Structure formats: C-alpha cells, structure tokens
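Order-wise, the sequence lines are chains A and B.
Quick note on our numbering: the first sequence kicks off at 1 and runs consecutively.
Quick note on our numbering: the second sequence kicks off at 1 and runs consecutively.
Hints listed in this document are in silico derivations from the structure and should not be mistaken for laboratory results.
From a predicted model like this one, the values you see are computed outputs, not experimental measurements.
Errors might be hidden in some of the hints.
Claimed, not checked - Here are the computed distance ranges between Cβ atoms for each label pair: (1) B:Ala36 / A:Gly162: 47 to 57 Å; (2) B:Asp131 / A:Arg271: 25 to 35 Å; (3) B:Ala32 / A:Glu175: 30 to 40 Å; (4) B:Gly37 / A:Ser234: 26 to 36 Å; (5) A:Gly78 / B:His113: 30 to 40 Å; (6) B:Glu95 / A:Glu175: 33 to 43 Å; (7) B:Gly26 / A:Glu175: 42 to 52 Å.
Backbone N, C-alpha and C define an ideal beta-carbon position, used for all residues, glycine too.
Okay, here's what each chain looks like letter by letter:
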Amino acid sequence: MPATNSTLVLGAVAYDAKVVPIWDGFQRWFASQGLDFDYVLYTNYERQVEQHFAGAFHVAWNSPLAWLQARRTAERTGRIAKAIAMRDTDCDLTSLIVVRADSPVRSLAELRGRTIGCGAGDSPQATLIPLEHCARAGLVAERDFAVRRFDVLVGKHGDHVGGERDAALALLSGEVDAACMLDGNHLLFANEGIFTRGATRVLARTEPFDHCNFTVLDGAPEELVQRFERLLLSMRYDDPRVRALMDLEGLKRWCPGRTSGYALLESACERFRVLEPFLARMSVA
Amino acid sequence: MSAARNVPRDGAERVLDLGRCGLDQGGHVLLARALAGCAPGERLVVLGDAPELSIHLAAWARAAGHGVESADSRARCAGRLVAGSAHLARFADAERAGATDARDGVHEQAPAHWGLAARGARVEVGSPAFDFALAEKRTLWADDVGALYAQALAAQWDPATAIPWDAPRPHAAEVEDALVQVLTYLIENETAALIVPARFAARIHPHYREVQQLLAIQAADEARHVEVFTRRATLARRELGLSTAGGQASLKTLVDEPDFAAASLLLSVLGEGSFVNLLWFLHEHAPDECTRTIMKLTAQDEARHVAFGVAHLAREAREEPTLVARLAAAIERRHDVLRHTAGLNAEVFDALIVLAAGGFEPERIAAGHAAVFELTRQMHAGRRNRLRLVGFDAEHAERLAGLHTRNFM
Ligand SMILES: [Fe+2]
Ligand SMILES: [Fe+2]
Chain A
1 MPATNSTLVL GAVAYDAKVV PIWDGFQRWF ASQGLDFDYV LYTNYERQVE
51 QHFAGAFHVA WNSPLAWLQA RRTAERTGRI AKAIAMRDTD CDLTSLIVVR
101 ADSPVRSLAE LRGRTIGCGA GDSPQATLIP LEHCARAGLV AERDFAVRRF
151 DVLVGKHGDH VGGERDAALA LLSGEVDAAC MLDGNHLLFA NEGIFTRGAT
201 RVLARTEPFD HCNFTVLDGA PEELVQRFER LLLSMRYDDP RVRALMDLEG
251 LKRWCPGRTS GYALLESACE RFRVLEPFLA RMSVA
Chain B
1 MSAARNVPRD GAERVLDLGR CGLDQGGHVL LARALAGCAP GERLVVLGDA
51 PELSIHLAAW ARAAGHGVES ADSRARCAGR LVAGSAHLAR FADAERAGAT
101 DARDGVHEQA PAHWGLAARG ARVEVGSPAF DFALAEKRTL WADDVGALYA
151 QALAAQWDPA TAIPWDAPRP HAAEVEDALV QVLTYLIENE TAALIVPARF
201 AARIHPHYRE VQQLLAIQAA DEARHVEVFT RRATLARREL GLSTAGGQAS
251 LKTLVDEPDF AAASLLLSVL GEGSFVNLLW FLHEHAPDEC TRTIMKLTAQ
301 DEARHVAFGV AHLAREAREE PTLVARLAAA IERRHDVLRH TAGLNAEVFD
351 ALIVLAAGGF EPERIAAGHA AVFELTRQMH AGRRNRLRLV GFDAEHAERL
401 AGLHTRNFM
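Please take these sequences and the hints and turn them into a complete structure.
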C-alpha cells in the first residue's frame, strides 16, 4: 500500500524484538505532538531500501550500508537521497582490531598468514570497515590473511551485537588470531567479563565513522517530513514520556543528519564490491 | 579524600585522575562523580594509566551523552570530556515520595505512580502506576500503627521453646477427644484469620508500610497459631475432629468480604475479639500445661490483632461519619446470609462444656455448661464494648453485638 500524505510512515528493520515497543512508544509521542505517525518493519535492509524506492513509506531508518545502497541507487536512477537526522551515538564511532595480550602479533603487517574473526559479512563496524583499514595498510583479506565470519542475522547489517561477541569468544579460545569490534563493544565485553583485564591488546583502531541515519528520497511529502524532523530534533531526554524509549534506542539526543562520516565505508564497499549485487538487483527490478 | 563535587582544577579546567582504574573496573563511577559537579558544556580532563583508557573513554562518553575531545599534550591524558545534560535528566523532575518517618506525616492519598518506591525515595517521572486498591490514609491508618508493629515484633515467640510439649497429660481420653475437637475448630478459624490480612496486605499502597507490615506479621502470627494447634492436637491423636458445613459457611463470608473496613470489623473487632475470650477460657480450663501455655500465647497475639482493628476503624469513623452505617449494614448482611446455617457446631459447643467440666460427673457437667454460658455472655459484652469504641451508640452496639455469628469468628 503506498504511503499517503497525511501519515508519516517510517520503515525500520526488526533486528531485535525491542524495535516494536520503541516505535510504538514513539508513535504515541508523535501523536501527542499532533503528528500522525506509523511504521512498517522489514526483516532485512535490502528489502527496506527496495521498498523505499517503491514508495512504500516516507522515511527509512537506515544502517550505514543501507544508506549507501539508497544513495547509490538514487544516483543511478536520477533520484536524490538525503540523510535528515541521526542519533548522537551514531557519530564518530571507531572499530578495533584486537589480539590476545600474549600474541606475538605486534603490528597489522604481522597479521599476514593469520586468521581474523569478523562479524556478519554485511556489518560495517565488525567486517567492512576493519578490513578496509587492513587493506589501506597493504593487507588484503583472503590473500594476505584468512577471514572467519561470525554471521549472525545477515541482512541486518551487523545491528545485532551477537556476531562481534562470537568473534571475541573465538579470539579468546584461539580459534582466530584477531577479532574486529566496535570500540564500545570492547568496553562492553570487558564489563561483561568476557575480556578479563590484560587478556587482550588493541592492535589497531580505525578512523572515526558514522552509523545509522533517517533517509528520505525526493518526492517525499515535504511538509510532513519537515514536521517529523522538527519533532525528532525537539525530543528531549528530560521528557519522561520518551526517556525510556531513547534508552532502548540508545541515544540521548537526535542530531541533524550528516553524510561526512561514511567515506570509510564507501571505500570499503568499492574495494570489496559490496554494493554491486544489490544495485544489479535494483536495476533488474 | 577530596569532596565528591570538588574535582581539583588545573587552571580553568577540571581534572580527574583515574590512576590505574579502567572503565572496565568501575572507573565510570569516578567519571560520573566528577561530571555530577560539571555544568553542561564544562570540560573535564581525564588522566589515567589503564590500558585502552582513551578508547573506552570515548565509547563511554558517547553512550552517556557527553562530548569527547581528543587527548591533549599533557602526560597520561586519555581525553577531555565535554559535560552533556542527560545525566542530570533522570533526577531533574523526580518527586519525593513522602516523608521517610511516619511521624512526619503520611499522605492522605498515595499516588499510584509512587509504586513500590520506598517512602522518602525520589521517584523518577514515568515510573509505572501500580494498582493498589487501598491507597487512602483514611481507610487504613491507625495513629499508633508503628507502635503496634514494634510491639508485635517484640512479642514473637518460638513454638519450639515457648511451649512445654512434653508436659504430663493426666486427663481422661474423652477430655483429650474434646480438646482435639476444639483444636480442629480453632485451626480452620486461624486459617481464615491468616488469609484475610494477607490478602489486604497485598492491596495496600506501600506508602502505608507500617499497616502492611503489621498485617504481614499478623498473618505470620496466624501461621504460628495453625502450627501450634495442629501440633497439640496430634500429640496423642492421629486424626482430627469434625469440620462442619455451618462453621465453614460462616468463615467463607469473612474470606469473601471485599471491603477492608467491613472485613476488619467482622474479623478483628468481632471475630478475633470473641476469640480472645475463647482462648482465655481455654487457658483457664486447659487439661494440661502444654495446652494452657498455647492458649495464653495465642490470646496475647489475638489481643494485638483486635487492637489494630479497633484503632483504625475508630479513626476512620471519626473522619468518615457514614462508615458506622456501612459497617452496621455489613453485620446485618452477614447475619442474613448465615441465618439458616447452624453456626457453632454442637460438637464444639459440647466439647467446650466437657473441657470446662473436666469430667463427666453430673455436677461438673452442669458447672461446665454454666462456664460456657458465661463465656458467651462475656463475648457478647466484649463485642458491644468494642463496637462502642469504634463509634456505635449504645443501642446499636448492643443490637449488632447480638447479630454476630454463632460460630464466634
Ligand atoms: Fe490467631
Ligand atoms: Fe488473629
């Protein structure tokens, strides 16, 4: 059913059961602010991007990879994709390549001939960006070192922490020589007791990059989208009606969208030709 | 130790030294403590020696809503935080849930959204509303409830040590049979007396915790009464006596009573009040030392249960003049329901005569009968006096005392 122009419809991927209470809660809050809001859930980002272009909803809550899929599709079809907002926690993330503390590996170059544990194949933070980081240091995945993927929920672009946790466990058990993960997950695993103090060493840290954003395409009802954007940015963590929802969604503040933080992922996509199968599917469709 | 809010300043900036403590070792406690004293936008330089500190600091700050600037040139600097405001939000409009000490006054009405919060705690806005049906001071409070609770705690006794279970039992087998019949009756009455306060305790808003605590310990008293009566009954007998339809019908009206005031009146003021007389009667006529001790200890407990019932209903009646009429209606309603039941079973009544007689010589039976008659007269007078204390006039008290169930409870 095509989206109408009186209700702002959001598309989101159900990477976890909590997605439903989050958007149900925001729906109530938007209603209290006079905005008729609804959402539609997909099981994977590829379907979401495809349906976004088919006009099924107005705003996509996109992973960074889904953002690039949308932007490149727009470029090819003469459309315009815009990132209108994101979480404060989507800005300036870094990923780490971690080894065991007693590992003889002292530099990225010494990973040659070894095995790196990554997250889901489509995870920007636990696979694509760290492998791009290695490539820039002259180490090509599957040529200079083996990649062991811990694929949890493919199509969800690494939104679920499970793949990174499995890679971390494989690092400790000696199954892999290094593991890739988000900086915050290194701290998380330390606090969970998976990484005991002094058990791991950070071998490399990537440049900062950005994560999710709300994406709109040209032709979306402007006034409606602007109201959504204004309300989003006005949402305050002091407001008890949304505080629990913001905690669930993992932010303290919505920020205006920016697209300056996706360059690293974009060059990873080019290098590993990540987007091509999707773009091919879109042009056939 | 330097004061919590007074992080040493280095020039214009605040500086926090985490030493060897990492953010995987509770270092966030020190960060939060230092940031609590920072206005939004203020900077906090973080120094430390823990491995990966600067990485963890950036990740922690991002999730906690603080900005982070990269380390400056000073030695051991892990980064510079720019205080956000989210960490203050949770407490900004939190509401104080009354005064901790009841002597400073409890609220007339306890808000549902205070929920389970301790009285005196600060409750974050947005906490869920709990459905506590009894949330009005008027309907449940007694001014000396704190003292009654303290008294109840101090008066707890341990059946294992307080009762001479091995005391000699010199009486005849038929007297023991009579005692077992009375104990059988007592046990089912104690069970009703356990269920009723337990049920209401769960419906009382925790703001009135002294009442909740008092009812909880009252239920525990009754649990102990069930235990000791059962244990005494089975000292010499393997099977108990008769439980009658009329007795249970009477207790069912108590257990089913949905109104706290009506249930308090029927159970505590009238029922347990009558039981105080009954237990002292059994104390006086106990055939052995074990039974005598049990009756004394349970009678003392019951007196406290009665005291709270009278105190909170008298208080409510003073504040709510229509209460007395509502309570009168409850007594009459129960009387009508029970009109066609037998009330106290003949087996119990006769067993009381045998216990008071202590033997089967005709003169002793006659004396026992007279003693039981006197007991029922005392029970009636006691009910009348307590109804007067609650707020009934003399005429109503006299009439309503007479409508009480023949089952005593
Ligand atoms: Fe009792
Ligand atoms: Fe009692």
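Verification of the hints:
no., hint, verdict
1, B:Ala36 / A:Gly162: 47 to 57 Å, "violated, 35 Å"
2, B:Asp131 / A:Arg271: 25 to 35 Å, "violated, 59 Å"
3, B:Ala32 / A:Glu175: 30 to 40 Å, "holds, 37 Å"
4, B:Gly37 / A:Ser234: 26 to 36 Å, "holds, 29 Å"
5, A:Gly78 / B:His113: 30 to 40 Å, "violated, 54 Å"
6, B:Glu95 / A:Glu175: 33 to 43 Å, "violated, 52 Å"
7, B:Gly26 / A:Glu175: 42 to 52 Å, "violated, 30 Å"
Going down the numbered hints, you'll see the structure goes against 1, 2, 5, 6, 7, while the others check out.
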